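Asks: Heads up: the protein sequence lines correspond to chains A and B, in order. Under my numbering, residues 1 to 160 are what the first sequence spells out, in order. Under my numbering, residues 1 to 720 are what the second sequence spells out, in order.
These are calculated hints, taken from the structure and not from any lab test. No experiment lies behind these values; they were computed from the predicted model shown. We put the beta carbon where it would ideally sit given N, CA and C, even for glycine. A few of these clues could be false.
Claimed, not checked - Not close to chain A: a few residues of chain B, all C-beta gaps over 10 Å, as computed:
#1 86
#2 88
#3 163
#4 172
#5 192
#6 219
#7 229
#8 373
#9 441
#10 468
#11 546
#12 564
Unchecked claim - Only pairs whose alpha carbons sit at most 20 Å apart, straight line, appear in this in silico EDC-like list of lysine to aspartate or glutamate:
#13 B:663 x A:123
#14 A:145 x B:400
#15 B:269 x A:31
#16 B:430 x B:458
#17 B:196 x B:320
#18 B:603 x A:31
#19 B:667 x A:31
#20 B:663 x B:596
Residue-level listing of the chains:
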Amino acid sequence: MDAKINLIVNDEKRTVVTDPERPLLDVLREELHLTGTKYGCGEGRCGACTVLIDGRRILSCVTSVAMADNKKITTIEGLSDVDSLHPVQQAFLDEGAIQCGYCTSGMILAAAALLEENPRPTDEQIAEWMNVNICRCNGYTKILKAIRRAAAQIKEVKVS
Amino acid sequence: MTEQIFTKEIIESRYSESINGPGGQVKLSRRSFVQLLGTGLLITVTQGVSLGQRSRGSSGRSITVAARVHINSDGTIDVMTGKVEEGQGSRAQLTQAAAEELRVDVDKIHLLMSDSDLTPDDGRTAGSRTTPSTVPAVRQGAATARELLTRLAGTQWNLKPETLDVRDGTITHKTTRKKLTYADLAKSKDVAVLFKNPVSSEAALTPVEKWQTMGTSVPRPNNRDIVTGAHRYPSDIVQPNMLYGKILRPPSYGATLESIDLSKAKSMKDVVVVHDGQFVGLAAPSSFRAAQALEAVAGTATWKTVPQPSSREIFSYLKEHASTGDRSRPRTKGSTDEALANAEKVLSETYNVAYIQHTPMEPRAAVAEWNDGKLTVWAGVDGPHQVKGDLVRALGVSSEQVRVIVPDMGSGFGGKHSGEAAEEAARLAKAAGRPVSVRWTRAEEFTWAYFRPAAVIECKGGLDNKGSLIAWDFTSINPGSSAIDTPYNIANTKILSAGSDSPLRQGAYRCLAATANNFARESFMDELAAAAGTDPLAFRLAHLDNERIRTVLETVARHFDWPGRKKKVTPETGVGLACGTEKNSVVAACVEVGIDRKRGEIKVHEVCEAFECGPIQNPANLTSQVQGCIIMGLGGALREAMEFENGKILNAGFAGYLVPRFKDVPKIDVHLINNTNIPSAGGGETPIIAIAPAIGNAVFAATGIRLRSMPMINALRSQL
Chain A
1 MDAKINLIVN DEKRTVVTDP ERPLLDVLRE ELHLTGTKYG CGEGRCGACT
51 VLIDGRRILS CVTSVAMADN KKITTIEGLS DVDSLHPVQQ AFLDEGAIQC
101 GYCTSGMILA AAALLEENPR PTDEQIAEWM NVNICRCNGY TKILKAIRRA
151 AAQIKEVKVS
Chain B
1 MTEQIFTKEI IESRYSESIN GPGGQVKLSR RSFVQLLGTG LLITVTQGVS
51 LGQRSRGSSG RSITVAARVH INSDGTIDVM TGKVEEGQGS RAQLTQAAAE
101 ELRVDVDKIH LLMSDSDLTP DDGRTAGSRT TPSTVPAVRQ GAATARELLT
151 RLAGTQWNLK PETLDVRDGT ITHKTTRKKL TYADLAKSKD VAVLFKNPVS
201 SEAALTPVEK WQTMGTSVPR PNNRDIVTGA HRYPSDIVQP NMLYGKILRP
251 PSYGATLESI DLSKAKSMKD VVVVHDGQFV GLAAPSSFRA AQALEAVAGT
301 ATWKTVPQPS SREIFSYLKE HASTGDRSRP RTKGSTDEAL ANAEKVLSET
351 YNVAYIQHTP MEPRAAVAEW NDGKLTVWAG VDGPHQVKGD LVRALGVSSE
401 QVRVIVPDMG SGFGGKHSGE AAEEAARLAK AAGRPVSVRW TRAEEFTWAY
451 FRPAAVIECK GGLDNKGSLI AWDFTSINPG SSAIDTPYNI ANTKILSAGS
501 DSPLRQGAYR CLAATANNFA RESFMDELAA AAGTDPLAFR LAHLDNERIR
551 TVLETVARHF DWPGRKKKVT PETGVGLACG TEKNSVVAAC VEVGIDRKRG
601 EIKVHEVCEA FECGPIQNPA NLTSQVQGCI IMGLGGALRE AMEFENGKIL
651 NAGFAGYLVP RFKDVPKIDV HLINNTNIPS AGGGETPIIA IAPAIGNAVF
701 AATGIRLRSM PMINALRSQL
């Protein structure tokens, strides 16, 4: 039976009437056309579907839309405004940490959540945290550099 | 051999065979069509004309300049290529190539890629051919355009072209300094006429030492759309009124559908059901609903199954089914059998490689839309023109009726030559009378996409009384022939690539057979070095005349400090090296591994790799490709293996099939050698081939245990 679900997506109120068991990922992509969030495995093992709910990272392919009712969701489309990128997005550009880019949305959101929680992670902490996210082009080396760069950038911003 | 594998295994139409019979050919009509692009000129792309990839020599006929380059009156330039961007960096590289020869900034170039209606057929994006074939084709087209525009300016001014200089899209007379821009010229009708000329093979290309744009680390032009989520991958394409499709899959390989009761799905609101022979597909307004509809009927299907071999017995199965006789003649030099009989020491070993899956992050996806009898498909495939041909044959429509567009897609690694999702979406869209998106699940991609071939490789080697390698007998069963020839100087060799009856559907992969053949060869060279009592590096160099391989090997040994590190080997920490050549590039790697005997684990601590593929066209991108090959190579070397039984894949997910993750990343030290004496070769594949043997050799150095089967963690556990 369909239910009415209220979502706050990228600071905008959205209401959908749908099966409450439907994955949040499907609703974001197929109802709200926010296709920056990707399907990678459907079982929460690759991180491509990462979004932030109330600032914390969530794997949207294994999260039912009902669980996101009345929650604040940030997708890659809402991480920054049009003019200025989030430091993690900018760092991915600066380091060229993109190959096919299909994992990138999930990588960036996961890294943004990490730096929110731990602004000065060690390399081991980055690898531990990011181990959820798979890149198959295997850009891990440059992604790690990008996250280090973003951490330094965020620190500088906070100091200044 | 790569091509042979594609022909045998990939150019098959799974559904159409049951409908049209196998081998049903639809004659492709040669035609041309026009399309208005931007402002100004008409683009004419003639089908059937020669392409970069096909015209490896000089025999290919040329396309028109207009098919490759279009000058807009605002000064921007459209450049067309049939190649696909799937993460390997072709968009940046081909943009650079065009900018270089047109003498403009890269941001003036708009590269239109992989649209069968608008771009020339540059062949599949495969075999590292973009760099040696398509880059030259694009450069030739751009250089011809530049020369034609320069000549036109000269004609308008009544001046000789030699007196004119071209820079930043502006033609300047060297003495009077009068100027005309490409944009000025594009406004005249003369350009349209001139661009109907074929691309000239005489147009002068910029020599390496004068490269301004090529050779620099130009970033991917659409990278901002990637980090903001704005880019639409094939699985992101949405058309108005679109449905989402799901396909009924057999329970096992070779199973055929005998009956199914579709009434439950048919009674569901808004669900479209298609049953055509072996094809059962459903489409609904959401993928969730389509999956529910599929679930409602899948259980009613009855299937006829056939026996299938399992992964436990796969190597003996492949050997038993190896093709023999006239079709399998070895390539020989000298008298190998005689030399083996007379050798001081003879070694004989067999190496195995498991089937693995490409697991691109974006599984197969396509959106199909029929409009007035014309089919447009947005699909994640390696070749828009090739998949168009497949669709023409499968659907029994004419070539004019099909257009295939490939948006920059979520990787492939050689795994997306076939357009299954495109055909499935087309069938459902036709029945529904609405656009349909078909996106394979991860389990479908693991199970129904083709695999990298498994391999059984038998090696025999003979050493003389001085420890020199005098005989080499190498039989490679099933993976294919790439990199099968030994680069070492051996007087007597016998080398055979034998096919087999692969129970799994197999096809291309990043460097395909070269990984298996190089794993066997470089591991076996290590065994022979040990038998000869010689250092593995010295043993290789003693048998190597190839200067390019010697250079990468010596470079990597120096940076890694091979002699020093070798002395520090312990039972828990080993170092190993390997080298190889394929696709006209050369690679060598040194690795350090840690071995945990209790847990049966191998941890790669460090990889130092040197790579050379001619003049480097984009250093940052090449570095990414080499790093990517190294880490991807760890997967196949250590853990990745398809497990199957009774025609079922047992590990069709990331839980049971372990790909490299962040915690697996070793210290990586890449050394790129810029060899400007030869033409550039591709660099996205060959760097993978040295990883597995270097790891195996390092494990041997530490433990004395020789791992002769990939993945090697499984091999190690079976020997502890």
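Asks: Taking the hints in turn, state whether each one holds.
Replies: So, going through the hints one by one against the coordinates:
1. Interface exclusion of residue 86 of chain B from chain A breaks down, the closest Cβ pair being 6 Å apart, not more than 10 Å.
2. Its beta-carbon lying about 7 Å from the closest one in chain A, residue 88 of chain B breaks the requirement of being farther than 10 Å from that chain.
3. Against chain A, the non-interface label of residue 163 of chain B holds: every CB pair exceeds 10 Å, the least being about 41 Å.
4. Residue-level check passed: residue 172 of chain B sits 34 Å from the nearest beta carbon of chain A, beyond 10 Å.
5. Against the 10 Å criterion, residue 192 of chain B stays outside the reach of chain A, whose nearest CB is about 36 Å from its own CB.
6. Not every C-beta of chain A lies more than 10 Å from that of residue 219 of chain B, the closest at about 6 Å, which undercuts listing it as non-interface.
7. Once the 10 Å rule is applied to beta carbons, residue 229 of chain B is inconsistent with being away from chain A; the minimum gap is 2 Å.
8. The claim that residue 373 of chain B lies off the interface holds: its Cβ sits roughly 28 Å from the closest Cβ of chain A, which is beyond the 10 Å cut-off.
9. Its beta-carbon lying about 6 Å from the closest one in chain A, residue 441 of chain B breaks the requirement of being farther than 10 Å from that chain.
10. The non-interface label for residue 468 of chain B is consistent with chain A: the shortest C-beta to C-beta separation is roughly 39 Å, beyond 10 Å.
11. A cut-off of 10 Å between C-beta atoms confirms that residue 546 of chain B is not in contact with chain A; the least separation is 28 Å.
12. The claim that residue 564 of chain B lies off the interface holds: its Cβ sits roughly 25 Å from the closest Cβ of chain A, which is beyond the 10 Å cut-off.
13. For a cut-off of 20 Å, the pair hint linking residue 663 of chain B to residue 123 of chain A stands: about 10 Å separates their Cα positions.
14. For a cut-off of 20 Å, the pair hint linking residue 145 of chain A to residue 400 of chain B is broken: about 48 Å separates their Cα positions.
15. Straight-line distance between C-alpha atoms of residue 269 of chain B and residue 31 of chain A comes to about 18 Å, which keeps the hinted pair within the 20 Å bound.
16. For the given pair, residue 430 of chain B sits about 50 Å from residue 458 of chain B by alpha-carbon distance, which is inconsistent with the 20 Å threshold.
17. For the hint linking residue 196 of chain B to residue 320 of chain B, the alpha-carbon distance of about 57 Å lies beyond 20 Å, and the restraint is violated.
18. Between residue 603 of chain B and residue 31 of chain A the alpha-carbon distance is near 44 Å, which puts this suggested pair outside the 20 Å criterion.
19. The hinted pair formed by residue 667 of chain B and residue 31 of chain A fails the criterion: a straight-line CA distance of about 43 Å is larger than 20 Å.
20. Straight-line distance between C-alpha atoms of residue 663 of chain B and residue 596 of chain B comes to about 16 Å, which keeps the hinted pair within the 20 Å bound.
Hints 1, 2, 6, 7, 9, 14, 16, 17, 18, 19, counting from the list given before, are not met by this structure.
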